Amino acid sequence: MYLSTIDRPKGSAGEKGRRRIGANVFALGAVSLVTDISSEMIVAVLPVYLVIGLNLSPAAYGVLDGIYTGATALLRLAGGYVADRTQRRKLVAGVGYSLSAVMKLGLLAAGRSVGAIGAVIAVDRAGKGLRSAPRDALITLSTPSADLGRAFGVHRTMDSAGAFLGPLVALAVLSLSAQSFDAVFVTSFCIASLGVLLLVLFVRDQRQHLPATHTVSIRSAAGLFGDAAVRRLLVAASLLGLVTVGEGFVYLLLQEREDLSIVWFPVLAVGTNLAYLLLATPFGMLADRVGRVPVMLGGYVALAGVYLLLFGPLGGWPMLVLTLLLHGVFYAATDGVLMALAGGVLPEALRTTGIALIQTGQALAYLVSSVLFGVAWQFWGATAACQVAAVAVLVTVFATGLLLKQKAQS
Amino acid sequence: MSDLSLRGRVLITVAAAVVLAIGAVGYAVAAREKAAPPVTSDSFSITPGPRLLVVRGRYLATVSADDPSRPAQQSAISCVRAYAAGGTGVCLRQDSMWTYSLHVLDSGLAETNSFDVRGLPNRARVSSSGRMVSWTAFISGESYNKGGFSTRTGILDTRTGDVAKSLETFAITRDGEPYQAADVNFWGVTFTADDNRFYATMATDGLRYLVQGDFASKTVRTITDNVECPSLSPDGTRIAFKQAIDDNPVNGWRLAVLDLETLQVTTLAEKRSIDDQPAWLSGDTIGYTFRDSDGTPSVWATSADGSGTPRLLVENAESPAGL
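As they're listed, the protein sequences go chains E and F.
Numbered per this note's numbering, the first sequence spans residues 1 to 410.
Numbered per this note's numbering, the second sequence spans residues 411 to 733.
Quick caveat, the hints were computed from the structure, so don't treat them as lab data.
Take these hints with a grain of salt, some might be off.
So the derived list for chain F, only partly shown, Cβ under 10 Å to chain E, looks like this [unchecked claim]:
| id | residue |
| --- | --- |
| 1 | 530 |
| 2 | 628 |
| 3 | 666 |
| 4 | 733 |
Residues of chain F clear of chain E, computed beta-carbon distances all greater than 10 Å [claimed, not checked]:
| id | residue |
| --- | --- |
| 5 | 434 |
| 6 | 572 |
| 7 | 693 |
| 8 | 703 |
| 9 | 705 |
Bear in mind that the values here come from a model prediction, so they are computed numbers and not experimental data.
For each residue, glycine too, the CB sits at the ideal point set by N, CA and C.
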């Protein structure tokens, strides 16, 4: 007890501490940074590995790519609930991080067996599903609610810095190893392990001393739906998810343009992440000052801009840079800010469950939006589909604005 | 773990980072040493003759068709996928991890044409006369956790220089009706002897069709479904292809031969799942790449009438073509 008092006198947030970002947020940010380097390395090389390394045919690739585990959504919810119920958010997040780390070695072990690679990817995704809700819950529990926007901004900056670095690290490893994919997998595993170690050593679990009446049960979790503010946020997040076309489509459409056809695919992700990492913290701080709802909705307006730019009059590099910048603005203004909003309305005891619920709602909405966009593309062509998507975003921004304004008044 | 001092935790982290970095860099450097450049032989050639062209360790090589166990003729021509016929070779080359180019070679191995190919190249073919060249590349493949893929298949007429960069611009007739859809993907072209018509796979609406195309009129029409990666026999009457087991690619593929007259399908003696565009090594033998569970490719041959047992032709090689 003496030791720990001497050891962390700054841990107790005083007047000054309120202006600072808690050490726990930085620790979680560092874990995310390191983990994202690891996972984005794989994201950058896996298509090349499958198609060039394994000579996978289009249909086989489609099978792998189509692996969507509905179980991931369920696992996310279950993980969130268990984390709240046992008050062990760090442990649940740690299981998620560890699963994904081990799966990097799984890629090595799977060799070139398509079935095994598919299983490895599914478990990797399950790990990702498991860890994000407890991580975000820990951020909200480590931060005064007035500073949530900034805290998430800092976290997302560190997170996207990892995503930005991942493809570059992969390139470096490939050139060092004379194009060995196995070396990329091994390096990715080493980096992911460091992420798990950082989590174990530096992230502090937040446990509340809850009164006996606030027990976490299925019934109290279901009660989240009864809370009007939570319900409105869930509806808003799902509605906005419904009009968000996956970034895969955006990058694909960018590459469909003849004038950009030779641009390396990973460059598109790296460019988006650069804008994201530069803007996440300023936007988070702005959200704390002027309100989280306007900043988040502003991000969706930027997304509408992306859709319009894809088939706008602008071409070449200016178009590419502006599109990636707006895409980065979209992420910077929405992803962390939504969690900051959630942190403000969800009860502490059910913070992880609530966050998992909102993230699941949005993930399912993304799935529906991808299907809808595919259908729209098929029937109306890509240009019209993008224009319709832009209009849908703007209408939803307006509707969501009204919906969330109610919350502020009630 | 908060019972450890901050200093202790930082020390552990630094030590672990150093150990992990040494491990990762050591592995990468060791992997590098395994990748040695090929020892080339002067007599490598792609002129027609009783030989087999393969890609071995990323480089073109030929082996004797009569006795594949004899030493291979190795070249220093780097390709991820290749094919040759009628004295014309096509080589899809990796220039960097995400940039690829197509190279057309004449019988003297001189480059007659080359251009960048968008996406990740996957299939290559040359017509039997050596005039028409085709390739397939994945365009999408942005990441492994977002859905959807997209292919781009192109055809080049080496005599006129005409190029169709994507078959997706061709007019489609599906089951007799004009058809248009955004989800159409083509792959795996095989040419007929007239250097105009061709066969290919067309995927749309969850189905994988065999289509016949016409390069001059820029049209394709469906013939039957569940046929992938067609390869036309030298006499033009049969198509070797891979057939998804129970019509579902999740289950893997069996090699089969389709009679174009009767649409009768004969399953070949190869019982393992084969994910490759087969190649006719003669009028009655099909060559293909088998990939071991550890990923090592090898070139095999089996009888086109479904009889006999498959036999191993070349170890550690892929992308076979009969010269």
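Structure-based check of each hint:
Among the interface hints, the one on residue 530(F) holds; its C-beta lies about 4 Å from the nearest C-beta in chain E, closer than the 10 Å criterion. Given the 10 Å rule on beta carbons, the hint for residue 628(F) is violated: about 18 Å separates it from the nearest Cβ of chain E. Interface hint at residue 666(F): violated, since its Cβ lies 15 Å from the closest Cβ of chain E, which is beyond the 10 Å cut-off. Nearest Cβ of chain E to the Cβ of residue 733(F): about 21 Å, over the 10 Å cut. The hint is violated.
Listed as a non-interface residue, residue 434(F) fails to keep its Cβ farther than 10 Å from every Cβ of chain E; the least gap is roughly 4 Å. Against chain E, the non-interface label of residue 572(F) holds: every CB pair exceeds 10 Å, the least being about 18 Å. Distance check on residue 693(F): its Cβ is at least 26 Å (rounded) from any Cβ of chain E, clearing the 10 Å threshold; non-interface status holds. In this structure residue 703(F) is not separated from chain E by more than 10 Å, as the shortest Cβ-Cβ distance comes to only about 5 Å.
Interface exclusion of residue 705(F) from chain E breaks down, the closest Cβ pair being 3 Å apart, not more than 10 Å.
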